[in-house]
Every structure is written in structure tokens, then in C-alpha cells.
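Participant: Chain residues, written in single-letter form:
2 protein chains.
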Amino acid sequence: MSEKNDHDSEYKELSGAEGTKKIGEMIGDIHIAMMTTVAKDGSMSSRPMAVQDTPFDGTLWFLTKKSSEKIEEVEADQHVTLTFAEPKDSEYLALKGRANISSDRTKIKELWNPLYKAWFPKGEDDPDIAVVKVDVVEGDYWEATSGKIVMLVKYAAAAATGGKVPVGEAGHITV
Amino acid sequence: MSEKNDHDSEYKELSGAEGTKKIGEMIGDIHIAMMTTVAKDGSMSSRPMAVQDTPFDGTLWFLTKKSSEKIEEVEADQHVTLTFAEPKDSEYLALKGRANISSDRTKIKELWNPLYKAWFPKGEDDPDIAVVKVDVVEGDYWEATSGKIVMLVKYAAAAATGGKVPVGEAGHITV
Chain V
0 MSEKNDHDSE YKELSGAEGT KKIGEMIGDI HIAMMTTVAK DGSMSSRPMA VQDTPFDGTL
60 WFLTKKSSEK IEEVEADQHV TLTFAEPKDS EYLALKGRAN ISSDRTKIKE LWNPLYKAWF
120 PKGEDDPDIA VVKVDVVEGD YWEATSGKIV MLVKYAAAAA TGGKVPVGEA GHITV
Chain A
0 MSEKNDHDSE YKELSGAEGT KKIGEMIGDI HIAMMTTVAK DGSMSSRPMA VQDTPFDGTL
60 WFLTKKSSEK IEEVEADQHV TLTFAEPKDS EYLALKGRAN ISSDRTKIKE LWNPLYKAWF
120 PKGEDDPDIA VVKVDVVEGD YWEATSGKIV MLVKYAAAAA TGGKVPVGEA GHITV
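Residue numbers (numbering that gives the first Met the number 0), protein chains in the order written: chain V, 0 to 174; chain A, 0 to 174.
Keep in mind the hints are simulated off the structure, nothing from the lab. It cannot be assumed that every hint is accurate.
If several chains are the same, the list does not tell them apart, and a pair holds so long as it fits within one copy or across any two.
Claimed, not checked - Okay, derived cross-link-like pairs now, DSS-like style, lysine-lysine, Cα gap no bigger than 30 Å in a straight line:
| hint | residue 1 | residue 2 |
| --- | --- | --- |
| 1 | K87 | K39 |
| 2 | K65 | K87 |
| 3 | K153 | K108 |
| 4 | K153 | K65 |
| 5 | K106 | K65 |
| 6 | K39 | K147 |
| 7 | K132 | K65 |
| 8 | K147 | K108 |
| 9 | K20 | K147 |
| 10 | K153 | K87 |
| 11 | K20 | K39 |
| 12 | K21 | K39 |
| 13 | K64 | K147 |
| 14 | K21 | K121 |
| 15 | K147 | K132 |
| 16 | K147 | K106 |
| 17 | K65 | K20 |
| 18 | K147 | K116 |
| 19 | K64 | K121 |
| 20 | K20 | K121 |
| 21 | K132 | K39 |
| 22 | K20 | K87 |
| 23 | K87 | K147 |
| 24 | K21 | K87 |
| 25 | K108 | K64 |
Please put together the full structure from these sequences, using the hints given.
Facilitator: Shown next as C-alpha cells:
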């Protein structure tokens with residue numbers, strides 16, 4: 000019930016730096032995303048993933064196990080959607096992006112923090128750690144106003160994402 | 000970092016009525032799902048949707064506008080994933096299902112409640128209201144234990160869903 004074309008009158012657009020800031024604040028507050036990938040059978044798999052605590056610049060980084068299902072799914076289909084929800088504030092964010100997997104040791108060391116020990120007890124040198132890099136292509140942010148959830152921000156990445164997705168055609172804002 | 004194969008030792012399975020109850024409680028507490036559908040370009044679109052406040056029996060119902068993008072997407076591809084997040088309790092739920100659209104007036108009247116007036120000011124007789132019925136096929140539920148999010152419940156619907164998806168093959172619990 001909350002898409003752009005469902006409530007034209009309430010729809011506001013925070014473009015440029017203001018939109019990026021809003022998205023960054025929400026990611027920073029929530030820091031757990033549901034990462035959705037395309038499964039082999041055509042269904043979509045979602046699981047919670049810890050987001051790196053760095054300012055939002057259009058790219059999000061995750062550490063995961065090489066043996067996890069999502070790696071296989073991303074290798075078969077790069078499309079990823081990340082959602083963030085904060086029920087207490089009625090805030091919702093959905094980011095579409097393209098994912099790339101690596102096992103870049105320098106990047107792993109840069110992203111590593113002691114909290115990851117819960118998943119990787121062997122530490123940052125565990126050879127089973129993989130890096131998932133998600134280049135955000137576009138995003139939508141919703142907030143409740145007068146009891147109704149409305150879309151407040153539409154975000155689209157600049158050509159920096161490699162131009163694989165024709166964001167301009169979707170009529171989104173270029174930040 | 001939170002998939003079944005990422006933490007075999009912590010993974011617990013709440014099967015049957017216990018699993019269904021846990022899922023039902025979480026849906027009842029959150030009552031806003033992020034509904035993810037497959038977009039024409041192969042990406043995945045998510046948006047917040049109000050869930051009906053009824054006991055969870057494997058089917059979830061939504062009211063939406065016929066003119067919304069999700070209707071077109073579901074008509075092209077029935078796969079839907081619904082995620083629920085409650086950051087304050089570190090609870091996360093992902094349900095995979097198949098969606099069907101109708102404009103069954105009797106069902107609309109049954110599902111209608113005054114809160115929908117925010118989206119449909121004309122009321123329950125608005126000809127632009129559509130019903131989205133999602134038959135849940137399988138689901139995963141995560142919770143934080145000792146600072147680490149682990150999967151606690153795997154849910155799979157019985158053959159009642161029409162047998163379109165071979166849930167047995169995925170090794171999930173039949174409720």
C-alpha cells in the first residue's frame with residue numbers, strides 16, 4: 000500500500016545529499032539488514048546481515064562464510080535487495096544493488112571487528128571468510144506520517160556503479 | 000552470516016505447532032512486512048505492507064491498490080518473500096510464498112478495517128482495492144543469542160499450498 004503511485008499527494012522527494020544522509024542515518028541506527036538474493040528455484044531468500052558501521056557512500060560491505068548459500072546465489076545472480084525496518088519509528092528502507100564476492104585479505108582486515116568473532120572464532124585470518132560488496136543502485140525510504148506509511152526518499156546512485164542498470168529510465172533522482 | 004549452514008551448532012528447529020506459533024507471534028507483534036517481488040528487470044522490489052491482524056495459519060492477506068507496481072510484478076511472477084524485523088528484540092523472520100491477486104468484494108469487506116481509510120478514503124467499496132493472498136511455503140526465523148543472530152525456526156507448509164514447490168526436497172519441517 001505504500002508505493003509511489005499509491006499516494007502521489009503525500010510523496011516527497013529528498014534528493015541529493017539530503018536523501019543520502021537520511022538513508023545513511025537509518026542504516027547506522029539499524030545496522031542489521033535483511034539481505035535478499037535470488038535462489039536457484041526462482042524464489043527469493045532473505046537473511047539478517049550485520050552492516051558495517053561506516054558512513055553511507057553508496058557501497059555496503061558484509062563479511063560472511065564462503066560456504067553460505069548466499070554466496071552461491073550471488074554468483075548465479077548479482078541482484079541483491081537490502082531492507083531495513085524500525086517498527087518503533089515506523090521507518091522502512093529498501094535498497095537495490097549488485098553484489099560482488101571476494102576474499103580480499105586486505106579488505107577483510109579493514110572490515111574486521113571483534114564482534115565477528117561470534118561467527119568466525121578463528122579470527123580475521125579464517126580462510127572461510129568472504130567479503131560481499133553491494134553497490135547500491137537505487138533505494139526507497141518510507142516513514143509514517145499521520146498513521147500512514149508514505150515514501151519519503153527515492154535514491155539512485157550516479158554512474159559510478161558501472162552503468163549496468165539504467166537508473167535514469169526509472170525516473171529516479173541522481174545523487 | 001546467519002544461515003543454517005553458518006552455525007550448525009547453534010541451530011535449533013522448532014517444528015510443527017511450536018514453530019507456527021513463534022512465527023504467528025512475531026507477525027502479530029510487528030504487523031508490517033517488507034514485501035519483496037520480482038521486478039521486470041530481474042531486480043527485487045520491496046515495500047512495507049500492513050499485515051492482517053489474524054492468527055497465522057499459513058496464508059497472509061493484504062489490501063493494496065490495483066494500480067500499484069506490485070500487482071504487475073506478482074502477475075508476472077508469483078514468488079513473494081515477506082520479511083519482518085524487530086531490531087529491539089533482534090528478531091528476524093523471512094517467509095517465502097506464492098501470491099495471488101483478486102478483487103473479491105466479499106473478501107475485501109471481510110479484511111477491511113477503518114485504518115485502511117488512510118489509503119482508500121473512498122472506503123471499502125473503492126473499485127481500486129485489490130486483495131493480495133500469499134500462501135506461505137517456507138520460512139526462517141532468527142533470534143539473537145549471546146550477541147549472535149542464529150536461526151531458530153525453519154517452517155515449511157504442508158501440501159495444502161498446492162504442491163507447486165517441492166518443500167520436502169529442501170529438508171524443511173512439515174507442519
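Participant: Of the hints given before, which are not true for this structure?
Facilitator: 1, 3, 14, 17, 20
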